[in-house]
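Q: Here is what each chain is made of, one letter per residue.
Number of protein chains: 2
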Amino acid sequence: MSLRIAIIGGGNVATHFFRSLGEPIVKKIFVRKREENGHLPLALLSESKDLRTLDLSIIIIAVLDDQIINVLTTYHFHSDQIVLHTAGSVDIDIIYQRHSKSGVIYPLMTMSKKDIIDYKQMPLLIEGSSESDLSLIIQLAKSISTRVAYFDSHERKIVHLAAVIANNFTTSLLLDVERILKKNHLDKHLLLPLMKQTLHKVFSSGGIKSMTGPAVRNDQKVIDAQLSLLSHYPETLDLYQFFTHRIKKDQSESSDI
Amino acid sequence: MSLRIAIIGGGNVATHFFRSLGEPIVKKIFVRKREENGHLPLALLSESKDLRTLDLSIIIIAVLDDQIINVLTTYHFHSDQIVLHTAGSVDIDIIYQRHSKSGVIYPLMTMSKKDIIDYKQMPLLIEGSSESDLSLIIQLAKSISTRVAYFDSHERKIVHLAAVIANNFTTSLLLDVERILKKNHLDKHLLLPLMKQTLHKVFSSGGIKSMTGPAVRNDQKVIDAQLSLLSHYPETLDLYQFFTHRIKKDQSESSDI
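Residue numbers (our numbering), protein chains in the order written: chain A, 1 to 257; chain B, 258 to 514.
Some hints could be false.
DSSO-like, lysine-lysine: derived pairs with alpha carbons at most 30 Å apart [claimed, not checked]:
id	chain 1	residue 1	chain 2	residue 2
1	B	Lys478	A	Lys33
2	A	Lys248	B	Lys284
3	A	Lys249	B	Lys377
4	A	Lys28	A	Lys49
5	A	Lys182	B	Lys399
6	B	Lys453	A	Lys188
7	A	Lys114	B	Lys506
8	B	Lys439	A	Lys209
9	A	Lys113	B	Lys505
10	A	Lys188	B	Lys478
11	B	Lys478	A	Lys182
From the structure, some residues in chain A lie toward chain B, with a derived Cβ separation under 10 Å [said to hold, decoys possible]:
id	residue
12	Pro123
13	Tyr150
14	Ser172
15	Thr198
16	Tyr240
Source of the hints: derived by calculation from the structure; they are not laboratory data.
Nothing here was measured: the structure is a model prediction, and the numbers come from that model.
Positions of the beta carbon are idealized from the N, C-alpha and C atoms, including for glycine.
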């Protein structure tokens with residue numbers, strides 16, 4: 001069955017769904033204001049809210065989580081169209097309660113418009129309200145990525161939580177690193193091989209076996225010296241104390257076993 | 258000039274210096290107890306503390322930071338031998354005060370014995386007490402890696418601090434992610450493409466531009482839902498609140514500008 005897709009939204013996730021699917025598959029992109037979406041092909045943009053007469057197999061709602069409900073209450077769909085959202089933390093029921101052919105396609109990825117993303121490696125977590133809807137959602141997902149997996153709404157929320165911790169919090173932590181190095185006129189790229197190895201190690205051996213450094217060795221001399229280097233960075237000092245405490249605690253608990 | 262190296266120590270860093278240099282270059286490895294170092298070639302191991310009569314150009318002290326002073330006070334070196342330590346946070350002076358031909362070779366990497374490390378890409382931060390000693394230390398470092406750079410003791414301490422934050426704290430954070438996913442019977446490898454993209458983004462665009470997620474969007478509904486998912490994980494709840502607060506704060510400060 002050939003896929004005929006519409007996307008609702010013009011933001012980061014919508015843009016990447018458009019790019020990963022391409023123009024022959026994406027028939028229309030529905031946005032609030034055409035003139036604000038110059039990064040998308042003008043010919044595909046529409047401000048209409050009535051999709052009932054369009055020959056579409058799947059409609060992807062790719063808007064901010066708290067806007068999904070607005071879309072569902074203001075747009076009109078045909079009962080044969082499958083309507084999906086793309087949010088990690090939103091239940092499938094938000095659609096299903098209003099439209100029976102419903103589903104979710106959640107890309108487990110951080111996305112800004114200008115990012116270049118290897119879509120084939122990007123996990124897509126899917127859910128569908130029926131077997132037949134799910135089989136079309138699988139077809140859609142597989143046309144984008146080789147990593148397609150079924151997750152129910154609760155599992156997806158756990159994965160989204162894990163992604164927020166792993167991505168957002170690591171980014172926040174690396175922002176501190178960037179600031180300290182910049183203030184000392186040192187190049188952050190020096191740390192890239194270490195960080196690649198860190199990921200490789202944690203994902204292959206696990207976090208406990210991967211831990212090195214002064215906190216896990218309980219090397220108080222280095223810890224004190226590093227705390228004093230941070231005396232002019234109160235935020236990072238907090239961060240340092242927070243993690244040093246938890247790594248020491250983790251270590252003493254795992255050696256108790 | 259041909260390199261004739263001895264290593265003092267049999268731990269993680271010593272082992273990787275041996276592996277990266279190889280047996281023709283490494284003439285001897287000095288350890289406390291030969292029988293405890295079966296991971297190193299028996300023929301190279303020695304328990305002697307007198308290196309004065311050996312034809313060595315460089316001696317690498319690769320022991321725990323607080324053991325360096327013990328090595329320096331119990332081992333005997335010839336005045337022509339260059340003595341290096343490998344520690345990020347220890348000043349070159351710890352050697353220089355006792356032995357004039359001194360230096361540092363600090364590998365900016367996390368190292369456990371069984372790790373496979375791409376030595377050619379591993380930054381080596383070097384320091385030397387004189388121009389002529391430094392040129393031999395450069396020769397040594399370049400025989401291991403293509404990323405060799407001169408850093409004085411203060412700069413090296415800043416880089417070590419940055420490495421502790423970037424590596425150890427990220428590892429701690431990913432340990433929480435691992436536990437939550439495991440408890441829910443979900444595979445952590447699902448997050449690997451996201452984490453690779455996170456590193457790529459932070460190192461190419463910087464931390465501020467890379468930030469996505471509920472905290473930076475101030476999406477309190479998702480934040481509250483995620484906090485409630487963490488009600489049985491008090492440590493991770495702390496972590497979540499700590500970072501959500503700092504990301505929001507960072508965001509409001511950068512939009513003030």
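Q: Does each hint hold? Answer for all of them.
A: Hint check:
Taken as a hint, the lysine 478 of chain B and lysine 33 of chain A pair is honoured in the structure, with Cα atoms around 26 Å apart against an allowance of 30 Å. With a C-alpha separation of about 38 Å, the suggested pair lysine 248 of chain A and lysine 284 of chain B falls outside the 30 Å cut-off, and the hint is violated. This hinted pair does not check out: lysine 249 of chain A and lysine 377 of chain B have alpha carbons roughly 35 Å apart, beyond 30 Å. Restraint check: the Cα-Cα separation between lysine 28 of chain A and lysine 49 of chain A comes to about 12 Å, which is no more than 30 Å; the hinted pair holds.
A C-alpha spacing of about 26 Å is found between lysine 182 of chain A and lysine 399 of chain B, which places the hinted pair at or below 30 Å, so the restraint holds. In summary, the hint linking lysine 453 of chain B to lysine 188 of chain A is supported, as the alpha carbons are separated by about 17 Å, within the 30 Å threshold. Straight-line distance between C-alpha atoms of lysine 114 of chain A and lysine 506 of chain B comes to about 25 Å, which keeps the hinted pair within the 30 Å bound. Distance restraint check for lysine 439 of chain B and lysine 209 of chain A: the Cα-Cα separation of roughly 16 Å lies within the 30 Å cut-off, and the hinted pair is therefore satisfied.
Our distance criterion of 30 Å between C-alpha atoms is met by lysine 113 of chain A and lysine 505 of chain B, whose separation comes to about 22 Å. Annotation: proposed proximity of lysine 188 of chain A to lysine 478 of chain B is violated, straight-line Cα distance about 35 Å (limit 30 Å). With a C-alpha separation of about 35 Å, the suggested pair lysine 478 of chain B and lysine 182 of chain A falls outside the 30 Å cut-off, and the hint is violated. Interface hint at proline 123 of chain A: satisfied, since its Cβ lies 5 Å from the closest Cβ of chain B, which is below the 10 Å cut-off.
For tyrosine 150 of chain A, the suggested interface contact is broken, since its CB lies about 12 Å from the closest CB of chain B, more than 10 Å. Taken as an interface hint, serine 172 of chain A checks out: its beta carbon lies about 5 Å from the nearest beta carbon of chain B, inside 10 Å. A distance limit of 10 Å between C-beta atoms decides the matter here; for threonine 198 of chain A the minimum to chain B is near 5 Å, and the interface restraint holds. Given the 10 Å rule on beta carbons, the hint for tyrosine 240 of chain A holds: about 7 Å separates it from the nearest Cβ of chain B.
Of the hints listed earlier, those the structure fails to meet are numbers 2, 3, 10, 11 and 13, in rising order.
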